[in-house]
Amino acid sequence: MSRILISNVMIFEGTEKDLRPGEVLVQGNRIQAVAGPGESLPREGAEILDAGGATLMPGMVNTHCHLTYNNGTTVAELTALPVEEHVLLTMHNARLALDMGFTAAIGAASAKPRLDIVIRNEINAGKIPGPRLLAGSPELTVTGGLADDNKYDQKHPSISIICDTPDEFRKVVRTMIREGVDLIKFNNSGDSFCFPRMAAYDNPMTDAEVAAICDTANNIGKRLAAHAHADSSVRQCMKYGVEFIFHATFATDETIEQLEKVKDRHYVSPAIAARYNTTYEAKDWGITTDVAEIIGNKRELEEGIKVMRKMRAAGIKVLPFGDYGFAWLPHGTEARDLEHFVNLFGYEPWEVLRAATAWGGEAWAGKSGEKMGRVQPGYLADILLVDGNPLYDLSLLQDRHSLLAIMKDGLFHKPFQGRATDMRVAAE
Amino acid sequence: MAGKIFVCTTCNRYAHAPPGEPTPGQKLAEAMIAIEGGRRGPVAIRTVVCLNNCPKPCAAALRQPGKYVIRFSGLSAGDAPALLEIAERYAASMDGDVPLRDFPEHLRCKVSDRIPPVRGVVPPVSEHGLVHDPVPALPGFAP
Ligand code: FES
Ligand SMILES: [Zn+2]
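Same order as they appear, the protein sequences are chains A and B. Taking the numbering used here, the leading residue of the first sequence gets 1, the next gets one more, and so forth. Taking the numbering used here, the leading residue of the second sequence gets 1001, the next gets one more, and so forth.
This is chain A alone, in the form it adopts within the complex:
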């Protein structure tokens, strides 16, 4: 079994406020040992890599990832290409995600039913590069809900499967599980992205429909995620055991209090770039801030900011990234979310990095018992070497040149590039 000793690093462990000098031994696909300040690890039989004082941190985990989105400008456009091209596009996006330091991702809705599934299978087989991937279903929605882009006399494909009634949902959930998804995603809220059809604070799904989706998926041990802006949607997520609550924009104080009591069972993913970037940085595609206000996106941003600050205070696990793959929040820019968490929600850099790594890893692993997202013995060797201290400047993680090495499952996706200026940081 291969042994690589990465020495002369400053370690971000995943949950700690500071970096500490040390070294890390990787054996096979796991971290075998970690030495702290003043300690050193046995070197016998190990290839030694002197990282020149770089930061060693866990790979990032995108827990709300749409690898199949094509940087389109509308929801329907996200799937407006033939399936052959779409497979290739998803494959390229998977590689880009790993190139940008994401060693794991949770598929939070696939634009076509089997795209996430086939790409996950190819990644797992080692045939194409990409993050560890959980495959998501398309968005399960109701007639008229987010991602039903049909008109009465005009069929228009979108990224959804449309169901009405609990029986229809049950059948589709079982079909998707048969095809191989790891996670079922459903839309129990509208969104500014389907203006004027259904607003984010409206919930079109009945309790019976949500119960049918969740019971069917939970019975077979599949994971669940919901597009849940509205307060009643967040409530449904708690009631029916939906682990991943996306957006939670209009959660009331009472709902936040309820969620705090069960915070070990849920992760919240605001996907705030789909609000901030749309409100302030999409005017070249016709969405000025005024337009964003009219369609309700600006309000979603403002309410989302208030709610996420409260959730942070309540210790609820709010996770970064999410919904990248639109024109003004394209693939490859996901690490900007770290900046958004600091600027908009008041997170300290170490806190948002903890959410991006340790909490993301825990979320990905779920009940499997797998250990990922931290630099600790026994954890999967998903590791980044960074040219500088991300706790001082998170924007390092937006620039692929700062990622000096990317290791996934004990193997280098990007071999160590060397530092511009070597530094000796290990305690002597």
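It should be emphasised that the hints constitute simulated quantities derived from the structure, not laboratory data. Check the hints yourself; a few may be wrong.
List time: in silico DSS-like cross-link candidates among lysine-lysine, alpha-carbon distance up to 27 Å [unchecked claim]:
(1) B:K1027 to B:K1056
(2) B:K1056 to A:K283
(3) A:K414 to B:K1004
From the derived model, a few chain B residues whose C-beta atoms are all more than 12 Å from chain A [what the hints assert, rightly or not]:
(4) P1022
(5) S1076
(6) A1077
(7) A1082
(8) L1084
(9) E1085
(10) P1099
(11) L1100
(12) R1101
(13) P1104
(14) H1106
(15) L1107
(16) C1109
Even glycine gets a Cβ: it sits at the ideal position worked out from N, Cα and C.
We have chain A already, so just place chain B with the ligands on it with the hints.
Relative to the frame of chain A, chain B with the ligands by itself:
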């Protein structure tokens, strides 16, 4: 003086450069890197995948927690010196609201946005009393 600037090296997303040729965005970034003597010169250069100005390439942006966001579009490699100059002014300013008259003249019409920081958010101060994002002049770590 020190600072930081984001430059999009994909530009132009909607018109691919001929194979093997650097994109216009890469040419802009390379011009800046040449002036600064590297990516980690006094003004740190962050080359990124996109700055959401794609229909009007090339793009650069000034961003720091708690400050105005200033975005530029329609840039070319010739704008590198002026951009670096304004990056230093931006870094030295309290809130990033650098008045347009302080911009090198030919850059003024390339400012595409000035977005105020979201109200009520104070950039976090770590337990060591250090404000996030001081942009150290040299690569390195906490004292
Ligand atoms: S591709 Fe350069 S700004 Fe988007
Ligand atoms: Zn999403």
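- Query: Which of the listed hints are not met by the structure?
  - Reply: none
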